[in-house]
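Following the hints, complete the assembly by docking chain B onto the known chain A.
Here the protein sequences come in this chain order: A and B. Quick note, the first sequence lines up with residues 7 to 122 if you use this note's numbering. Quick note, the second sequence lines up with residues 3 to 118 if you use this note's numbering.
Source of the hints: derived by calculation from the structure; they are not laboratory data. We put the beta carbon where it would ideally sit given N, CA and C, even for glycine. Heads up, some of the hints might be wrong.
Unchecked claim - As a list, the in silico DMTMM-like pairs of lysine to aspartate or glutamate whose alpha-carbon atoms are at most 25 Å apart:
1) Lys47/A x Glu46/B
2) Lys70/A x Glu58/A
3) Lys47/A x Glu93/A
4) Lys26/A x Glu46/B
5) Lys47/A x Glu61/B
6) Lys47/A x Glu28/B
Said to hold, decoys possible - Among the chain A residues that face chain B by a calculated CB cut under 8 Å, a handful are:
7) Leu50
8) Tyr64
9) Val68
The lines below spell out each chain.
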Amino acid sequence: GAVVSQHPSWVICKSGTSVKIECRSLDFQATTMFWYRQFPKQSLMLMATSNEGSKATYEQGVEKDKFLINHASLTLSTLTVTSAHPEDSSFYICSGEGQGRYNEQFFGPGTRLTVL
Amino acid sequence: AQKVTQAQTEISVVEKEDVTLDCVYETRDTTYYLFWYKQPPSGELVFLIRRNSFDEQNEISGRYSWNFQKSTSSFNFTITASQVVDSAVYFCALSGSTDSWGKFQFGAGTQVVVTP
Chain A
7 GAVVSQHPSW VICKSGTSVK IECRSLDFQA TTMFWYRQFP KQSLMLMATS
57 NEGSKATYEQ GVEKDKFLIN HASLTLSTLT VTSAHPEDSS FYICSGEGQG
107 RYNEQFFGPG TRLTVL
Chain B
3 AQKVTQAQTE ISVVEKEDVT LDCVYETRDT TYYLFWYKQP PSGELVFLIR
53 RNSFDEQNEI SGRYSWNFQK STSSFNFTIT ASQVVDSAVY FCALSGSTDS
103 WGKFQFGAGT QVVVTP
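The following block holds chain A by itself, in its conformation from the complex (with noise of 0.2 Å):
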C-alpha cells in the first residue's frame, strides 16, 4: 500500500503556543487529505477534508481558526494548531486519498500532541 508520513511523530508545547504538524503522501498524489483528531481511549472523529489548492472544509464544531490546514501541493497538508491549550492535547491523524482511488485511504502514523 501507499504510505503516509508525519512529522513530528509527537510534540510537547507551552499553552498559548501554535504547533505546525505535517502530513505527506510519499509514494502517491493525494488530491485529498483528512485530518482526524482521537482522545485517549476514544475513536477517532474527522476534524476537516482538504484539497489541493483550495480551502480546507471543517466538520461542525471545528473552529476553522484554531486549526489551520493547507494543502499546497498534492503531497503535502499541514494542520497548524493555533494557540494551543491543554485540551487540545490529543492523537492527530491524516490520510490521503489517491487520484482516481477513491475510498481507498492511507493513514499516517498519527501525530501525538500534548500541551502543558
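Structure of chain B alone, referenced to chain A:
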C-alpha cells in the same frame, strides 16, 4: 447521516480462543464502503479489510474472517485462535458516496485483550 456502532467496549479472551467483534452501521447511501482497522498501542492504524456495499461475500484471511450482511447492516469480524499479538483496539469504519464522500465514520472501537 452515517453511524457505526461497536457495542462491545472490551473483550478479554485467553489465547487460542476465538473472538468476534460486532459492527452495525447506518447509512442512506446505496454505495458505501466498510473497513476494519487495528490500532495497537503505538497508535498507528493498520488496515485489515475494505468491502464495498455490492460485495456481500464473506472473506477469510489467515486467522481473520469477516461476515458482511446487508440485511442486518452488520459487518462482523472474527479472529480465530487468538494470539497475544492480537491485543489492540479494533475499529470498524464506514465511508459513503454522497455528502460523506471519502469521509470515514469510525465506530467507538473494541479493545481486545488476549492473555496467555
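Now the hints, each set against the structure:
About 14 Å separates the Cα atoms of Lys47/A and Glu46/B, which keeps this hinted pair within 25 Å; it holds. Simply put, Lys70/A and Glu58/A have alpha-carbon atoms about 17 Å apart, close enough for the 25 Å limit, and the pair holds. At roughly 15 Å between alpha-carbon atoms, Lys47/A and Glu93/A fall within 25 Å of each other, so this suggested pair holds. Taking the CA atoms of Lys26/A and Glu46/B, the gap is about 19 Å. The hint holds against a cut of 25 Å.
As the CA atoms of Lys47/A and Glu61/B are separated by approximately 29 Å, the hinted pair breaks the 25 Å bound. Distance restraint check for Lys47/A and Glu28/B: the Cα-Cα separation of roughly 23 Å lies within the 25 Å cut-off, and the hinted pair is therefore satisfied. Of the supplied interface hints, the one on Leu50/A holds, with its beta-carbon coming within about 5 Å of a beta-carbon of chain B, less than 8 Å. For the restraint placing Tyr64/A at the interface with chain B, the shortest Cβ-Cβ distance is roughly 12 Å, beyond the 8 Å limit, so the hint is violated.
With a least beta-carbon distance of about 13 Å to chain B, the hint placing Val68/A at the interface is violated under the 8 Å criterion.
Against the hints set out earlier in the document, violations occur for numbers 5, 8 and 9.
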